[in-house]
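Visitor: Add chain B to chain A, keeping to what the hints say.
There are 2 protein chains.
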Amino acid sequence: MSSREPKQDRSRATRQRLLEATIDCLADQGWEATTVTAAAQRAGVSRGAAQHHFPAREDLITAALEHMFDARMAEIRAESTRLPEGPGRTEFVVSRVVDHYTGELFKAALQVWTAAAADPSLRERIVPLEAKFGRTVHQTAIELLGADDTDPTTRRLVQATLDLARGLGLADVLTDDSARRQNIVTQWAATLHAALPQS
Amino acid sequence: MSSREPKQDRSRATRQRLLEATIDCLADQGWEATTVTAAAQRAGVSRGAAQHHFPAREDLITAALEHMFDARMAEIRAESTRLPEGPGRTEFVVSRVVDHYTGELFKAALQVWTAAAADPSLRERIVPLEAKFGRTVHQTAIELLGADDTDPTTRRLVQATLDLARGLGLADVLTDDSARRQNIVTQWAATLHAALPQS
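Residue numbers (my numbering), protein chains in the order written: chain A, 638 to 836; chain B, 638 to 836.
Pulled out of the complex, with its shape left as it was, chain A reads as follows:
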């Protein structure tokens, strides 16, 4: 058994490098350019090894989105063990949600969504994945805010925060929007804090 472990470790490391290279490639080069071969080259992995892990491009891309999403959610949770109280807590959560939708993972996912808009079979794979991601971010935001999701106002305001964050993500795709974005985050966090029941 123990003699197999290093091989499994190598295989796991190869898989991870491939998934990260796929996200980089999507964000930089776009959907058309992100083939299994291109991701393998970027990861420094042989084409054969890449195809062993991911026979089709769609398998590689959905695995990459899932892997990166899970890694980002784990990071957000790890950063959130000691939350401030009061308005600072709301701003912390709004910032983390906006960071999530303005990072490289969003830029990669945007390429996939846009391709899926004109490709029904890709759309079929991406819609449930995207719904799961949305639910997870929403649930994480509710927990970090310590808010009550059974209250309709709370639920809608948290949903609106996610929609705002996606819009800010889009505004950052072609130009660096970070200075303007910081003002929007500060303003919305204050408005959200005042609007949330019992906050």
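In short, the hints are calculated from the structure, not lab data. Quick caveat: nothing in here was measured; it's all calculated off a predicted structure. Worth double-checking, as some hints may not be accurate.
Same chains, same label: a pair holds when it works inside one copy or across any pair of copies.
Computed cross-link-like contacts, SDA-like style, restricted to lysine to any residue with a CA-CA straight-line distance of at most 25 Å [what the hints assert, rightly or not]:
1) Lys769 to Asp809
2) Lys769 to Val810
3) Lys644 to Met705
4) Lys644 to Leu811
5) Lys769 to Asp707
6) Lys644 to Gln776
Guide: Coordinates of chain B only, in the frame set by chain A:
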């Protein structure tokens, strides 16, 4: 002179059909599929006539985005001659902004932005166009709200409304999000109305 008018009219009508077909094609088929030939075919125009108007694909696509944007803004202004007062006015304006970013023009523009993310020369053409569109929608929203754009809170909340609308546009690309969106618009309008100074 008068004998030339019908020809000019025909030429103008051809150009307009081409521009509309280009937006339809981008929204349905995506960036890669939207060539001058494909748009000409969709518009029922000969390839030669299309290339006479638009020698390069980028000319056709930027002209189509500008034409449709101007047409949509003119529609919004025409609809906005008799605005309700109070919270109903804020909701009217939020709804119009959100409608703008969830329509076919947004779906077409999204294809162009996403392609531009991986294409520096396209990006160079699209960034100033997109900045002009954003300024125009912002200015229109400020005017329709009767708000004071020199107030930083107002400016940021109106910007946030545009970002929210872009996020709602994105959420509508792969699935029909209209039912959820209506709740978000109602909630956002109420929150915005309460947060705007002197409203």
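Visitor: All hints, please: hold or fail.
Guide: Here's how the hints hold up against the structure:
no. : hint             : verdict
1   : Lys769 to Asp809 : both (24 Å within a copy, 16 Å between copies)
2   : Lys769 to Val810 : both (23 Å within a copy, 16 Å between copies)
3   : Lys644 to Met705 : within (23 Å within a copy, 57 Å between copies)
4   : Lys644 to Leu811 : neither (42 Å within a copy, 40 Å between copies)
5   : Lys769 to Asp707 : within (11 Å within a copy, 37 Å between copies)
6   : Lys644 to Gln776 : neither (37 Å within a copy, 61 Å between copies)
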